[in-house]
Amino acid sequence: MSYRSRLLGRNFDWILITALLGILAMAFFTLYSAGKTTGGEGVYHARQLIWTVIGLGALTTAVFLPYRTLDTLSIPLYGAMIVLLLYLLFAPGGGADRWIGFGPIALQPSEAAKIALVLILARVLADRKPEMSLLRWITVPLLLAAVPFLLVLKQPDLGTALVFGAILVPMLFWAGLPARVIVLAVSPVIGMLAASNLLTWILFLVVLFLLLVLSRASAVFLLLALGVNMLVGIAAPVLWNGLHDYQQNRILTFLDPSHDPLGAGYQIIQSAVAIGSGGFWGKGYLAGTQKGLSFLPEQHTDFIFSVVGEEFGFVGCSVLLLLYTVLLGRMLLIALRAQNRFASLMVIGFFSYLSFQVLINVGMTIGLVPVTGLPLPLVSYGGSSLSTTLFAVGAVLGVGLRRNQY
Amino acid sequence: MIDPYDRDKRGKAILLGSLVLLGFLILGGRLFQMQVLVWEEYLAQSDENRIRPERVVALRGQVFDRNGSVLADSRPTFSVSVIPYLVQRNDAVLDRLVALVDADRAVIDRRLAEGLGRPYEPHRVLYDIDIRIVSIVEEHSAELPGVLIESEPVRRYPQGTLAAHVLGYLGKISEEELLAARAAGGNLTPGARVGRTGVEKEYESYLSGKDGVRYVQEDARGRPLGTLRETSPVPGEDLWLTIDTGLQAFAESLITTYRVKGSLVEQAGAIVAMDPRTGDVLAMASCPSFDPNLFSVNVPVSVWDSLSQDPMHPLLNRTSQAAYPPGSTYKPITAALGIIDDHVRPDTRLLPCFGSYRLGRRSYGCWEDRGHGSLDFQRSMERSCDVYYYQIGQEMNLDHFAELSFTFGFGKPTGIDLPADRAGLVPTTKYMNERYGRNGWGPGYQLNHSIGQGEILSTPLQIARFFGAIGTGALVRPRLLLRVIDAEGNAKPGRPALRQEVSVAGRVITLLQEAVEGVVENERGTGGAARVPGIRVAGKTGTAENPHGVEHAWFVAYAPAENPTIVVACILEEAGHGGSEAAPIVGAFLRRFFQVKEGV
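Here the protein sequences come in this chain order: P and W. Residue numbers 123 to 528, in the working numbering, belong to the letters of the first sequence in order. Residue numbers 149 to 748, in the working numbering, belong to the letters of the second sequence in order.
Fair warning: there could be bad hints in the mix.
Covered by chain W, according to a simulated footprint, are these stretches of chain P (three or more residues, beta-carbon under 8 angstroms) [to be verified]:
#, segment
1, 284-291
2, 294-307
3, 438-448
4, 481-487
These aren't lab readings, by the way, just hints derived from the structure by calculation. For every residue, glycine included, the Cβ atom is placed at its ideal position computed from N, Cα and C.
For reference, chain W alone in the conformation it holds in the complex (with noise of 0.2 angstroms):
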């Protein structure tokens, strides 16, 4: 049975009414019993007892080689924090502080200042100090309400400038940061430290670790009465790389002062060794370097503006962040894509180098002035003649080109697991379109582009990877990160090697490493300075031209040549030719790495 709708409509109202109103008078009845009632015992306990959750701070995870040596752990250090509105009360408790300890006072001024806008959470005023402070400021606490002392683990990297640019650094994690990290559920402090580049902050979740909570009461003075309970903190997860610290350092060594027309001159250059089967990157080195500890504390400004605006670009990972000319080290492509079009065969000599090429009313220069007159496929690698690569870009379609580039890793990043992984660029129709307008280029550009120069460009770690790739037939992923092992000790494997075979025929890639074999060991190839007794090795120099001074140079290879376990890519900015001064320097790393005597 239902009731009409309409009947008694209004004593429907009131029963409902009355029930909210029963609800609201409850609600009204117990506020009165708190605020008014009992106000004094909630007054109490806001005032006297105070239970504060206290973020402890998860120990970061520490990094090793693929040998178990160290690359970066962490150290314990304290500080002095001070709760900003407790002190703001209290001016003497500063001037006691500063008496104290013997501080500047501007200093903690001004690092107060930047913790105004959290005023009840503690904020660092003074890093790194020393025990003796710790213990002055402990004795005194009764005289310091608001001022407590903060332990903290740092970062520290005990080799040194050693794989800088792998590693990274750390940073204050910015306010926005830390908004947005605390909006996502994350458990950050104010001032907390997080990778700000490299492998520091590529696998920032795994080193992070998770921070854990004590719940502290205090007086109303902010003095610690005791721990109540305590979630311990989890620590981040330790890393095992895929470098090796002594060829590292060897390579470090090599690029850091190397002679240039006879003369020993700091310069900037980079060189990167993978394993050409797995991706390992055993060693990568980019110069000029930094020392990572200088950013594990808060960095002076001055340190930090003379890192940042040094022309050098010292915090600049060359081997995968800087995009150069590939110059002739990218001939291959060419090369490649002439066998395949059917235009050159390993037989076919095609017009003779007298030292420059003619196409309509430019002369287009071979880097040998005095020419190389009539070669075939095999002699124009060797020799790296311009003029050969001129009459086969001049054929070639440039989209050809574009995709074939594509299918040896250019034109996009190489996925190592490193942050701002740079793609390079390699032009297309469409992209040459679009810079010059349809009608803005030519085939001269096609020359430019058929020896590694014009739009091209790419980073040492895309050649050292197309090498790897000419010499077993399959692009690799490059990896830096081998396993992760827990907080308790289980390893988990770390970045999968990735590994696909190049989508171009058997018979292209055998001509092409008959042909980079001949650049090192023949006796009039450009690369012999890179042989190694013993080991069959094959490569490619690389000139490449730059605008703004002397050229760069490039040398890049593989061994051994019939089953390689390195390839190797170094580049030498404003150095000179590839043959002449890069090529000596990655025979010496070749030599060291298959352990073969310098001077046999």
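Pulled out of the complex, with its shape left as it was, chain P reads as follows (with noise of 0.2 angstroms):
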């Protein structure tokens, strides 16, 4: 073995890769399963192996890129992404559709605006100049996510909209924008929901705190911000009785989905059935009977971890979890040790694409969080999905075999 191939084995991060397969092979065989009741047997699995190989390759081809050439692709990348968001939108048809078909293939381009918005916003940040201001530094960055978040947002998908402001806020605080702008600027509108419920406002409010003195922010900043959350708290009851009932109802249906058991809480209420009826061990691989039934929506995409949870029980939870934490704390110690700005802030953006998702997909199915059509990565159903988070993947191991070079 040549001391060059030595070396790249060495760096290559292969518990990372570990992680990554063993991600991939629960979804096959998850997906086999819920393929079982839908569409007849080995539709599902078969495809999605496919595009499986599909994005390994992509994998591949991402671990081999320089930097430069990801620096450089970001810019016509970006311009794009916003004009296939653009002709989504304004395409006959309508808005309402999410996917733009290439002859036998739909595509999703808000899957790849997601690797688009990291790219550009590695370069824009990775460029700083000392002398800038905060608010000339910041302006570039904002409106580089403002536009894919506004064009998603009308389509209308919430969700993705969402992932755009969770890839842009921690590669802001990567950058060095400081924390305690951060949680001032974000915390009210969290502080808005958590004041629905006297419990969760308080503990909104002891997370904040620690926030801020884990952000060694000053004593007159910390109580500036506390207090500024205190009276949106107080206030969000006053606002919410002057709405109107329908207003209230949505958004009660959206915090608590047995207020509407058979409209859009149907969905939660399914899911966590099947979840909680799995118990510690499941029912044993292909024998969920919620899943049989077809009580599940969306089983093989966007509740495909309900069937985890149903036939795999709380041990093929906690393993899919652990994967993920192993795949994403690998992902951080790779940003951690990058010597070059530009690939250290693109795997910031990665990591912080993955974690939000698969925090708020499975937060969804164990009605945590309201339902907002976000895939779990890797084990959702989807082409366009999976290729562009194992491409995702293939840059940030790309970044670990170099985290030498500046």
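Could you use the hints to bring the two separately framed chains together as a complex?
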């Protein structure tokens, strides 16, 4: 073995790869099971296998792409995504369609838009001059994220729009935006939602306090932030009573699915019943009855985690979440070790994108988060999502390989 | 103020990592609570109380003729369904069912096997059962877990075979169609029946309506506990067709049994009648026919095979799905080209006909062996003299001929609102070169084309439309859908009537009109059998050569000649001469249409 390839082997993140393959294997078996009722046998898992092969090709390509190529590619890629998103909005047939058909394949441009946003933000944030004022520095990335955010929101696809936000904020933080500024900017929105229940509101204030302390905010700043949030929390019930009944209803169903058990809440209840009834060991592979009775909505896409929960139980869920934790932890380590600023930022972007989607999707299936329509990365059926995610993982592995390169 | 990028990267990583980890711990905690602490509650919910969304089939829209006579409606039926995974676990259930209702176990097992791919959805095993069996099964429902009675409307065609080819029939949705429909957001159930041909297929989207959903609470044995909520189905919309039931029935009786050489023989044929001003199809009959009621429930394989493999092709709509050589009915095209090219004028007498025409070393016969002698333009059409048209054909440019054919609607679908509307064939130079090679065809082919033989193929509907265009100067798009009545009873317009002036000089049209009127009205015209007392009729005979046997007899006519309100085209396969076989049938139809008593 040559020195070069030995170095490659040593720097290659085998732990990350193992976690990745573990997730993909669980995905395959779960998709096979999910397909047992909806599509006749062998439709989803077989197609997903093809997509996995294509995705691993994308991963390998991404590993060997030099930073400079990714850096240069970011501008045309971002431009192309904006054009595609605009096309989706204004194409004949209305804006309800999130897909673009290319012959037999339908692609979801919002998936690739996530990658494009990470790359362009990494490029812009890496290229920072010390003399810039905070306002000037923050304007360009905010605009870059706002354009796809608004276009996707208009589709309407709130979930994906939020992913753009979840990519932007940690990248800004990594690039040097002080945590207290972020906390202050984000907290009132969360505080508003948390104020619906006294317990969650107190919990929110405690977390906020801890975060502010951790980010070494000054005493004045700390008091200011807490004060503003207290005010928002107190004002929320007053605003709430000013809303119309139907507006209140909509928000209530958003927060509590059993409020409308046959409408929007049906999915969440059935999903929770599936996961809960799985118990510690699960009902056994291919033996899920909720799944089998087609009670689970979208059980091969957005609600695939419910099938895991029902058939593999708490053990299976824990294993899957542990694999994600390992994958994400290794990504964070790669970001920390990377010497190149663009590369490091890019890894943080992908890290945030994956973390957010996993948390939101799983949270949705167990009723912690409203239904948003975000897939579970690497597991949900869908070629666009799988291949873009694998591309991102490949780019991260590539950064790990060349971590000493400036 | 911005923090320097590299300062405290480690701290930032720890903060980000802890936040995500916190999220995962919350998920884990919730999962622990759900799956370890209170999982039995969820298990009870999943085992004992199931809310199953069940589809409520929408009533299919009715089909009426233009006067409100019912052509298709639905009748209620019941079927026995089983939930495969429940009865599979308990074999005694099916034994009990068979014993109770006296059914054939083999049939049930075979149908059950079809449903195993969807083990949790009810699958029908006994169709269209007696109300007595319904009550037996319901009485013993406690002994029959997983067996249920489903009620379902079944398509009915109260007038039997009448207008069968126009209406079409239904068929069970295939697995691929079901997947495709579900992927597109449709809510079809396995076993649903959808239009396979005819209006049933063409207007499936109007007719099918929208199924409703009923949320049924069930226990673990699949027994319904009650309905929680129901969104009602939206019934399909009613269609009013341009068909006139009286004329349709008369047209069918004319072609179903007609006399060939004096004996009553069942033959194949077709007749179509249309209003040349609007394109309204008043009658459209094809023979032999079939009973679409057979397809409303599951068709026994033997019945399907005998229909689909019958050499007479009873399922084929010969008016629009079959293309024949048009024969002499095509001569007006050749005539028009001769006049446009100034090759013939009304008084032009070409070489006289002695029963055949020589070109090179080959002789091309006229249908009249004895010959027609010397004829002018008008007489050549009246007597349908082939030799006259050979001489025009010899001089004509094939592509001009094709161009004029396209102008009169040949070589492309008519646009009627029926599936599989055939285009027929109009040969062009390009086509001939591809088919026979650049030097593989010569002027002899031109002669055949000039009398509507050779490569040319057209459907009876195209021929009818062509003569409508001669009579009115405008080509219409045939249509069947007059109007749609939605579930609330509001009328919506049907298929728009399309009408386009033919881009041929009025002088040419007038000459053609005079010529085809002479075919029927002049003493020695070939179409005298189609005369209607008191009404001037214009038409043309055709006798199309058939390589497999006796010639096909054609006749097409419009009337009244001065202001046509109807055009009729008729073909009788292997019947012989158009003038002697097909013209009397069209004549009978016209006399009925104009309500002139027979034998006057």
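Structure-based check of all given hints:
no. : hint    : in the structure
1   : 284-291 : violated (count 0)
2   : 294-307 : holds (count 7)
3   : 438-448 : holds (count 5)
4   : 481-487 : holds (count 3)
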